[in-house]
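Keeping the supplied structure of chain A fixed, place chain B with the ligand upon it in accordance with the hints.
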Amino acid sequence: MATVVFTAGDDVSTDAIYPGRFMATVLPSETPQFCFADEKAFNAALQQKSFAPGSVVVAGQNFGCGSSREQAASTLNGHDLVVVARGFARIFLQNSCNLGLRTIICPTIEAGLNDELELTPTHVRNVTTGQAFPIVPLPPARQAIIDAGGLIAYTRTRLVAERSR
Amino acid sequence: MGMTVAQKILARASGLPFVKVGDVVEPSVDMAMSHENTALVINQFLEVFKGTGLEPKVWDPAKIAVIFDHRVPAETAKTATNQKKVREFAGAQGIEKFHDVRGDEGGICHQVMAEEGYDRPGHVIVGADSHTTSHGALGALAFGVGATEMASVWTLGRAVNIQVPATIKVVASGRFNDRVTPKDLILYLVGALTAEGANFKVIEFHGDAVRNMATSGRLVLCNMSVEAGATSGIVPADQETVRFLRDEAGVTEPLDLVQPDPDAPYDRVIEVDVSTLAPQIACPHTVDNVKPVGAVAGTKVHQIVIGSCTNGRLDDLEVAATRLKGRTIARGVRMLVFPASWKIYKDAMTRGYLADLIDAGAVVMNPGCGCCLGVHQGALGDGETSLSTTNRNFKGRMGNPASAVYLCSPAVAAASAITGVITDPREEV
Ligand code: SF4
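Chains A and B, in that order, give the protein sequences.
Using the numbering used here, the first residue of the first sequence is number 1, and each one after it goes up by one.
Using the numbering used here, the first residue of the second sequence is number 166, and each one after it goes up by one.
Okay, chain A solo, but in the shape it has when bound (with noise of 0.2 angstroms):
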């Protein structure tokens, strides 16, 4: 079970999740505090460490538009977040699925604050309101990436077996 910490409309852009302001931090370890930095509530309550890992986002479609900074989905994946959005700007999704913040993309999902969700291969079960709404499948050339444990690990690979011919 996963309990929604945040929910947001349509269009949330990486503005919104990682403001352009702190972009000259880059590295994964340290991303996390700026997590939707101007939702003041939200990113002191995910300093305060006050979700438990796998706590849900629920957002509505072409979340993660606009810029490509891949800091959006490294200060998610450093809470330990999962996504569930109705969908996912491309570059985002594709920074997610290379990074390993679990995205879920799920087209009519209806959920509210602290409703407790049940994710399952197929559907976002939400248990609080007793409704449950169809996944679609992430994109196979991505999932491929996902299987491999992100994008480094499967660049790695590729490496290795290609320089070593």
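These are computed hints drawn from the structure, not numbers from a lab.
Keep in mind that the hints are not guaranteed to be accurate.
Said to hold, decoys possible - Once the Cα atoms are required to be at most 30 angstroms apart in a straight line, the calculated BS3-like pairs of lysine-lysine come out as:
no.	chain 1	residue 1	chain 2	residue 2
1	B	490	B	456
2	B	490	B	511
3	A	49	B	243
4	B	560	B	456
5	A	40	B	243
6	B	250	B	262
7	B	215	B	243
8	B	243	B	222
9	B	490	A	40
10	B	222	B	262
11	A	49	B	560
12	B	456	B	334
13	B	222	B	250
14	A	40	B	560
15	B	215	B	262
For chain B with the ligand alone, kept in the frame of chain A given last:
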């Protein structure tokens, strides 16, 4: 079934005679570009090599471009230290297309790529920046990636696991009215498509309005294609592409002017008669909140910005300088101008545009990303409003979540500078 430009380029780069939409391919990369975030790319690149016993060497230093623009000159010790690391890495790896904080080679990455002739029709270009879509203006397939994906490209020379995207065809016909520009066309299209209307798709631009457009205008269209979510924007290469690359970028090699097949499959076709367009404006806080400028005319503005990879080129500065020559910017309004490259800066200086703008009261900043992304210069105060020729108006984009940003063409920006309120440029003020 034929192929779109994107399909043809991906097929060629993947060594395949044909690819269809949805295929997963691994195209070789012709140019890989990054800016200050190269600091993170280096970090991830070194991670890839960890434990392999192999020496971390990029696949081909001649196909890598590193261009500082987001924070130039460095605004903090942290940025300066990041830039120093990148400079040393570029030197050690033999990356010669490295554009440092220098007047003789610097500028915004997307502009420098075009000016230097690093963009070529038919090429696959990846950039660690979402506005990499810009390079489709020269007939390339260009898309943005994150830093880790760039590290993967640096290692393998290919973009792995790329799904061949569907293409939306835009046919723009007719002649632009006076003071209506390519910026107004792309704002209109982003409004019509919405911020996710082209997500995972390519936009291919056709029609006589595009054929008759200079490369500077095509760069605006492709630059902002990503604001509708597009993977890439592409103008199929033509004689204007050849002219630009030969005359302005000094490219002498043969060019591959990739065209779509007559029976290429399009996801949808959007037709626009540009002669019906009024100047457009994107209202706070999303780029697809687009209206004809008249709908918000009279709104008070505090800062006017002309610049960026979208509208910081010579023709943009010319529009502003021509309008403002001999005039005075309204009191209470500050106007910031940041040319897209030092080449443009010098040309604008030679032609007297910069002097005209300064005499009117504008502040001319150094080329770079400037206030476009709110990290460096030109932040807004609480409750202030900016009117800007840049490409994004998300809450907080200009450094302050308590401010608002409207996006427009240089013509709208210049007319509004005189009045201090949002003004239709077709009105005499
Ligand atoms: S000018 Fe703005 S949009 Fe263009 S590359 Fe710089 S920050 Fe990005």
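- Holds or violated: are the alpha carbons of residue 49(A) and residue 243(B) at most 30 angstroms from each other? holds (27 angstroms)
- Query: Hey, residue 250(B) versus residue 262(B), does the alpha-carbon distance stay inside 30 angstroms?
  - Reply: holds (16 angstroms)
- Is it true that the CA of residue 243(B) sits at most 30 angstroms from the CA of residue 222(B)? holds (26 angstroms)
- Message: Against the 30 angstroms threshold, does the CA-CA distance of residue 560(B) and residue 456(B) hold or violate the hint?
- Response: Given that 30 angstroms is the threshold and the Cα spacing comes to 18 angstroms, the pair holds.
- Could you grab the alpha-carbon distance between residue 49(A) and residue 560(B) and see if it respects the 30 angstroms cut-off? Since the Cα atoms of residue 49(A) and residue 560(B) sit roughly 26 angstroms apart, the hinted pair holds (cutoff 30 angstroms).
- Straight-line Cα separation of residue 215(B) and residue 262(B) no greater than 30 angstroms? Holds. Residue 215(B) to residue 262(B) sits at ~26 angstroms (cutoff 30 angstroms).
- Item | 30 angstroms limit on alpha-carbon distance, applied to hinted pair residue 40(A) and residue 243(B) | Cα-Cα ~24 angstroms, so holds.
- Message: Hint check: residue 456(B) vs residue 334(B), CA-CA at most 30 angstroms. Holds or violated?
- Response: Measuring from Cα to Cα gives roughly 23 angstroms; hence the hint holds.
- Task: Sort out whether residue 243(B) lies within 30 angstroms of residue 215(B), counting only the CA atoms.
- Result: holds (25 angstroms)
- Message: Between the alpha carbons of residue 490(B) and residue 511(B), is the straight-line distance 30 angstroms or under?
- Response: With Cα atoms ~18 angstroms apart, residue 490(B) and residue 511(B) stay inside 30 angstroms; holds.
- Does residue 490(B) pair with residue 40(A) here, judged by a C-alpha cut-off of 30 angstroms? violated (45 angstroms)
- Message: Given the hinted pair residue 222(B) and residue 262(B), is their Cα-Cα distance within 30 angstroms?
- Response: holds (16 angstroms)
Hint compliance for this structure: hint 9 alone is broken.
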